[in-house]
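Student: Line order of the protein sequences matches chains A and B.
This note's numbering runs 11 ahead of the 1-based position in the first sequence.
This note's numbering runs 46 ahead of the 1-based position in the second sequence.
Note that these hints are calculated values from the structure, not bench results.
There could be a bad hint or two in this list.
Across the chosen pairs, the derived CB separations fall in these ranges [claimed, not checked]:
{"id": "1", "chain 1": "B", "residue 1": "167", "chain 2": "A", "residue 2": "220", "range": "25 to 31 Å"}
{"id": "2", "chain 1": "B", "residue 1": "67", "chain 2": "A", "residue 2": "236", "range": "25 to 31 Å"}
{"id": "3", "chain 1": "B", "residue 1": "121", "chain 2": "A", "residue 2": "173", "range": "38 to 44 Å"}
Pairs of lysine-lysine residues, derived as BS3-like cross-links and limited to a Cα-Cα distance of at most 30 Å, are as follows [what the hints assert, rightly or not]:
{"id": "4", "chain 1": "B", "residue 1": "244", "chain 2": "A", "residue 2": "163"}
{"id": "5", "chain 1": "B", "residue 1": "125", "chain 2": "A", "residue 2": "162"}
{"id": "6", "chain 1": "B", "residue 1": "126", "chain 2": "A", "residue 2": "163"}
{"id": "7", "chain 1": "B", "residue 1": "71", "chain 2": "A", "residue 2": "163"}
{"id": "8", "chain 1": "B", "residue 1": "71", "chain 2": "B", "residue 2": "245"}
{"id": "9", "chain 1": "B", "residue 1": "71", "chain 2": "B", "residue 2": "125"}
{"id": "10", "chain 1": "B", "residue 1": "245", "chain 2": "B", "residue 2": "69"}
{"id": "11", "chain 1": "B", "residue 1": "323", "chain 2": "B", "residue 2": "338"}
{"id": "12", "chain 1": "A", "residue 1": "42", "chain 2": "B", "residue 2": "245"}
{"id": "13", "chain 1": "A", "residue 1": "42", "chain 2": "B", "residue 2": "244"}
{"id": "14", "chain 1": "A", "residue 1": "42", "chain 2": "B", "residue 2": "179"}
{"id": "15", "chain 1": "A", "residue 1": "163", "chain 2": "B", "residue 2": "338"}
{"id": "16", "chain 1": "A", "residue 1": "31", "chain 2": "A", "residue 2": "42"}
{"id": "17", "chain 1": "B", "residue 1": "179", "chain 2": "A", "residue 2": "57"}
{"id": "18", "chain 1": "A", "residue 1": "162", "chain 2": "B", "residue 2": "245"}
{"id": "19", "chain 1": "B", "residue 1": "244", "chain 2": "A", "residue 2": "162"}
{"id": "20", "chain 1": "B", "residue 1": "138", "chain 2": "B", "residue 2": "244"}
{"id": "21", "chain 1": "B", "residue 1": "179", "chain 2": "A", "residue 2": "163"}
{"id": "22", "chain 1": "A", "residue 1": "162", "chain 2": "B", "residue 2": "323"}
{"id": "23", "chain 1": "A", "residue 1": "162", "chain 2": "B", "residue 2": "71"}
{"id": "24", "chain 1": "B", "residue 1": "315", "chain 2": "B", "residue 2": "338"}
Cβ coordinates follow ideal geometry from the N, Cα and C atoms, glycine included.
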Amino acid sequence: MAKKNAAVAAEAIKPKAVAKDEDFVLVSLDKKATEIIDTPKYSYWKSVWKTFFANPVTIFMLVLMIIILLMSYIQPMFSGYSLLDVKGVNDFGARYNWPSAKYWFGTDADGKSLFDAVWAGAKTSISIGVIASVIVTVVGVIVGAFWGVSKKIDRIMLEIYNVISNVPMTLIVIVLSYTFGNGFWNLIFAMTVTSWLGTAYFIRVQVMIMRDREYNIASRTLGTPTRRMIFRNILPYLTSVIVTQVSQLLPSFISIEVFLSFLGVGLSSNVPSLGRLISQYSPYMTSYPYLFWLPVLVLALITVSLYIVGQNLADASDPRTHM
Amino acid sequence: MTVNKKDVLLSLRDLEISFGEGKNKFVAVQDVNFDIYRGETFSLVGESGSGKTTIGRAILGINPTSNGTITFNGTQINKKLSHHQEQDVSRKIQMIFQDPSASLNERATIDYIISEGLYNFNLFDSEEDRLQKVTQIIEEVGLLPEHLYRYPHEFSGGQRQRIGIARALIMQPELVVADEPISALDVSIRAQVLNLLKKFQRESNLTYLFIAHDLSVVHFISDRIAVIRNGRILELAETEELFNNPLHPYTQALLSAVPIPDPKLAREKKLLVYDPKMHDYSVDKPSFVEVKPGHFIYANAPEEEHYRQLLDEQAQGVN
């Protein structure tokens with residue numbers, strides 16, 4: 012039976028007729044057709060997301076960032092943490108517990124759970140850092156872009172910058188905080204009112220570097236107005252620089268808040284923040300190190316994850332990385 | 047190519063361009079006088095640093111001029127213009143850049159790059175009209191409509207230069223300043239780009255100011271040539287006249303430097319070296335004089351006499 016099958020198969024593959032040279036026709040290469048196949052229409056944003064999610068480190072950092080954000084904005088709603096709550100201060104069993112299954116981050120001198128304290132503090136610190144960074148970056152980038160391209164604005168702005176940058180920023184913030192009093196929005200106003208000048212100056216220099224590149228001269232000969240030059244020609248090149256700037260601003264605002272809380276200005280005394288926790292627990296660095304290091308770790312994770320996600324997003328927005 | 051000699055499109059008179067002020071003043075270009083006729087290809091040749099590009103950019107209004115006039119279509123354009131005039135001039139004079147990789151916005155699609163001028167001057171009725179115009183021009187320069195949604199880095203140097211040409215020509219300009227448009231390109235694709243430029247000139251009676259340092263290319267493409275050195279035009283003549291009767295020693299030196307693709311002939315070639323000290327301009331100041339109809343040269347009186355003599359001798363020799 013098997014033999015018969017093999018014979019049938021052999022019969023099937025046996026050529027019916029032998030192909031000769033004249034049976035073949037030379038088909039000319041259609042260069043245009045190959046080009047068309049080679050160039051499918053593609054979408055910019057789809058490619059951005061594809062490049063962005065291609066990196067496993069980015070995905071990990073993005074997940075970490077989302078977890079931190081969710082924890083800091085949802086956990087305090089349930090924990091009912093209050094900075095002024097001292098009812099555990101006489102319960103020696105509740106005080107200075109090292110991290111365990113019951114108290115994940117341990118407890119402090121008042122018997123309060125550090126886990127609750129960290130997330131309540133992170134909520135305030137992230138809000139301050141993000142809001143202040145967004146204000147400073149948006150104002151700074153827009154002003155800096157026009158500052159960089161216009162000689163007239165440059166002359167005026169340089170004088171303003173020279174005067175204000177000579178006054179120490181901490182001094183301005185402290186004076187303003189004293190004048191306006193404690194409070195979340197007062198603090199943000201005090202921190203952002205002059206610091207956008209630094210970002211604007213930085214962007215001005217970057218814009219001046221790009222301004223006289225040949226493709227911008229080409230745009231000028233095509234009659235492109237200044238505004239479109241800024242938004243279409245110059246700022247897209249600066250995304251990664253701007254993201255780096257933001258990721259430097261964010262921790263710097265958080266640390267200004269730390270410093271001000273330490274001085275007793277800035278936030279009201281009943282508002283927890285990472286800065287307040289870190290300065291409050293710094294004496295325990297050797298005796299109960301978890302009290303100091305865990306808030307520092309959370310602060311570091313916030314900064315690092317935001318920085319890496321931002322950097323990779325900036326890289327993915329460059330079309331040269333899409334292939 | 048028939049050129050109507052009467053129709054002057056662009057005229058430069060006593061043009062001077064300088065950078066810096068006071069002690070640091072540097073005069074890049076001085077006493078430049080020439081006319082460009084409608085429909086011709088006028089070439090500026092000279093070594094690097096001679097001021098060719100500076101003149102080209104001054105015509106486009108990128109470099110400010112310190113003296114003299116630039117007249118386009120009868121209107122002086124190197125002064126403060128009304129908004130309407132400025133729009134008109136900047137649409138009608140376009141530029142093709144030397145480096146095709148530096149002159150395209152890497153963060154914009156080809157579609158945007160080519161339509162940039164259309165957006166600026168609102169030269170389209172509707173989105174379909176714009177797309178149709180862009181598609182037409184991209185096919186004319188030998189690319190495909192599929193390329194519109196790509197980015198400059200995905201193209202070869204020759205293709206990028208075609209994009210640069212497309213974005214200049216979609217504006218339907220009258221004068222195109224081509225600043226060494228092929229010097230950054232591979233030798234094998236130079237001819238393609240030159241032919242493309244010539245094709246557009248035939249089709250829409252374009253005028254080119256062609257800036258180059260490669261004399262064989264200039265010989266191929268131009269109707270008239272001006273030789274520039276250290277910001278001064280030394281000699282100006284029709285292409286054949288300049289190549290047959292180069293009078294100025296610098297022009298002769300330049301022509302002697304053109305490589306000959308035959309080793310036997312090349313060995314016998316005599317390279318001339320130009321030394322500016324050979325001119326004695328201490329007493330007799332030179333000026334730009336016409337020694338033969340259409341043939342101008344920078345010379346003082348004795349030199350002019352000498353050049354005229356040379357031309358007479360040559361004319362007799364031919365007869």
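Student: Decide, hint by hint, whether the structure agrees.
Tutor: Now for the hints, and whether the structure bears them out:
no., hint, verdict
1, B/167 to A/220: 25 to 31 Å, "holds, 29 Å"
2, B/67 to A/236: 25 to 31 Å, "holds, 29 Å"
3, B/121 to A/173: 38 to 44 Å, "holds, 43 Å"
4, B/244 to A/163, "violated, 43 Å"
5, B/125 to A/162, "holds, 19 Å"
6, B/126 to A/163, "holds, 17 Å"
7, B/71 to A/163, "holds, 22 Å"
8, B/71 to B/245, "violated, 42 Å"
9, B/71 to B/125, "holds, 21 Å"
10, B/245 to B/69, "violated, 48 Å"
11, B/323 to B/338, "holds, 25 Å"
12, A/42 to B/245, "holds, 22 Å"
13, A/42 to B/244, "holds, 24 Å"
14, A/42 to B/179, "holds, 24 Å"
15, A/163 to B/338, "violated, 50 Å"
16, A/31 to A/42, "holds, 28 Å"
17, B/179 to A/57, "holds, 27 Å"
18, A/162 to B/245, "violated, 42 Å"
19, B/244 to A/162, "violated, 40 Å"
20, B/138 to B/244, "holds, 18 Å"
21, B/179 to A/163, "violated, 38 Å"
22, A/162 to B/323, "violated, 43 Å"
23, A/162 to B/71, "holds, 20 Å"
24, B/315 to B/338, "holds, 28 Å"
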